[in-house]
Amino acid sequence: MITIEAVSKRFAGPKGEPVDALTPVDLTIPAGQFLSIVGPSGCGKSTLLRIIAGLETPSDGKLTIAATGVARPIGFVFQEPVLLPWLSTLANIRFPLDTGGVPRAEADATAHRLIKMVGLQGFEDALPHQLSGGMRQRAAIARALSYDPPILLMDEPFGALDLLTRDRMNDELLQIWRATKKTIVFVTHSVEEAAYLSDRVVVMSARPGRVRAIHDVDLPHPRGEATKLDPRFHQFMATFRRELK
Amino acid sequence: MNAPIRALLSLAGFVLLWWGAVWGFSIPAFLLPSPGAVIDRLVFLAINAELWRHTTTTLGQILGGFVIGALLGIGTGAAFARLPRLERLFTPVILLVQTAPKIAIAPLLILWLGLGPGPKIVLVAIVTFFPAMTGALTGFRYIAKAYRDLAQIVGLTTWQRLTRIDLPFAVPPIVAGLRVATTQAVTAAVVAEMMGANRGLGYLLTAGQESSDSPAVIGVIVILSLTGWGFYELVRFAEAKLIPWRSKA
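Protein chains in written order, with our numbering: chain X, 1 to 245; chain A, 1 to 249.
To be clear, the hints were calculated from the coordinates, so they are not data collected in a lab. Among the hints, erroneous ones may be present.
Unchecked claim - Here are a few chain X residues that face chain A, going by a calculated C-beta distance under 7 Å: (1) Leu55; (2) Gly69; (3) Phe76; (4) Phe78; (5) Val82; (6) Trp86; (7) His189; (8) Arg232.
To be verified - Straight-line distance between alpha carbons at most 20 Å, and here's what the computed SDA-like set of lysine to any residue pairs gives: (9) Lys228/X / Met169/X; (10) Lys145/A / Leu55/X; (11) Lys241/A / Leu87/X; (12) Lys145/A / Lys116/X; (13) Lys116/X / Arg178/X; (14) Lys241/A / Gln130/X; (15) Lys62/X / Phe11/X; (16) Lys102/A / Arg88/A; (17) Lys102/A / Val67/A; (18) Lys241/A / Gly230/A; (19) Lys241/A / Asp125/X; (20) Lys181/X / Val70/X; (21) Lys145/A / Glu5/X; (22) Lys145/A / Glu56/X; (23) Lys116/X / Glu192/X; (24) Lys241/A / Leu163/X; (25) Lys145/A / Leu87/X; (26) Lys145/A / Gly42/X; (27) Lys181/X / Leu87/X; (28) Lys102/A / Met194/A; (29) Lys241/A / Pro85/X; (30) Lys102/A / Thr134/A; (31) Lys145/A / Pro85/X; (32) Lys145/A / Lys62/X; (33) Lys145/A / Arg178/X; (34) Lys245/X / Glu192/X; (35) Lys15/X / Pro208/X; (36) Lys145/A / Glu156/X.
If you're wondering where the values come from, they're calculated on a predicted model, not measured in any experiment. Ideal placement from N, C-alpha and C gives every residue a C-beta, glycine not left out.
Using the sequences and the hints, build the whole thing.
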């Protein structure tokens, strides 16, 4: 479970004046939930995600991550794949295990299992530049899952992909979520992606960055083509879109 | 047509032209000897004047100076990337040494270090240092922020980050710097030898000039060119081995 209490972030602007990147946010994310944060650029959605990840320190407020007995509770998928260009797909996925001191045989077994899960069989030995954009992002997801963190944070992971690949990646992500029961916090600027994937959607707005509304998206699981024909799916999208204006 | 064949054809064409010019225009041999005369002279020097020893002397100085300059340059670049204050403090001095004409430094080094290999190695190290340092500084400084984030998320130690992420990323600009340094290193060694030495290819050049021995001078120039070229190709080969993701991309 992730508890965010009055967390805010203030940057120094170009002339040294304080700029509110994020006005105080309160949010509780139960274990196993798929939560999306949607908003325009500059609304602080990435900042909030990076605060949860520990990549930024909040200016104020309190963040609690309840994940007992786990050394590395957080997996992070960046906008870009951020693969190491000199490592093969397999070695990239195994990277956190290698550096974390997991025995080679065990790490290899885990990496092979994940390669299967994200559908990269046959590309174990390929270098990142030999993979397509979608395949690279799949490898990045597998790497984030390699050490089995209970929480997966994703920062517009499919933003750079074409629409068809993106749709397919969304379905694959839902499958992974069902299979692994991870808590997922997913940042996007697409209302469709947010409505399709999530249990709960946080809508944010910019200048200053703040939470505009929070919605429970109670569309039935598993989601698929039928979801996209559901009038309520379109209602959710329309609501989010209105709130983003 | 592949690259080696093209290179050979191009060289053969050049030699033919040279031959043709010497014959066609009846250029006197003391100005421009024919390629055959140059080869004859090189064979003579090889048998009677320890050409091989002169060549290895120069090669050894180039290699020694290059390795020393490269190591110092890479270390300094890495340190500067970590400590910008140190960089600001030392950059003016380094720039001053770097912008001074190498030919002007050579006599001073010979005064200090004598006629042996010392001043040659130091001069080669000086010209290698700067490109190596610049390459390392670039490589270590401009690593995408996302990779630092990754290191933090995955929980790398400082040492792991240095060896697993920073160093591999710094290799391409370092090798690019060393590639630039190869040609300068050959020049520096020869310049230092011409200023004062009792052996080496630069010494042979000066001796040849003093005795109006143009076949020997041209022969030594050819050897030097081949040395520089071979050295350059060696670094390129190392680059392709070290950075497969770059050369195939």
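message: Please list, smallest to largest, the hint numbers that this structure does not respect.
response: 2, 7, 8, 12, 16, 21, 23, 24, 27, 32 and 33
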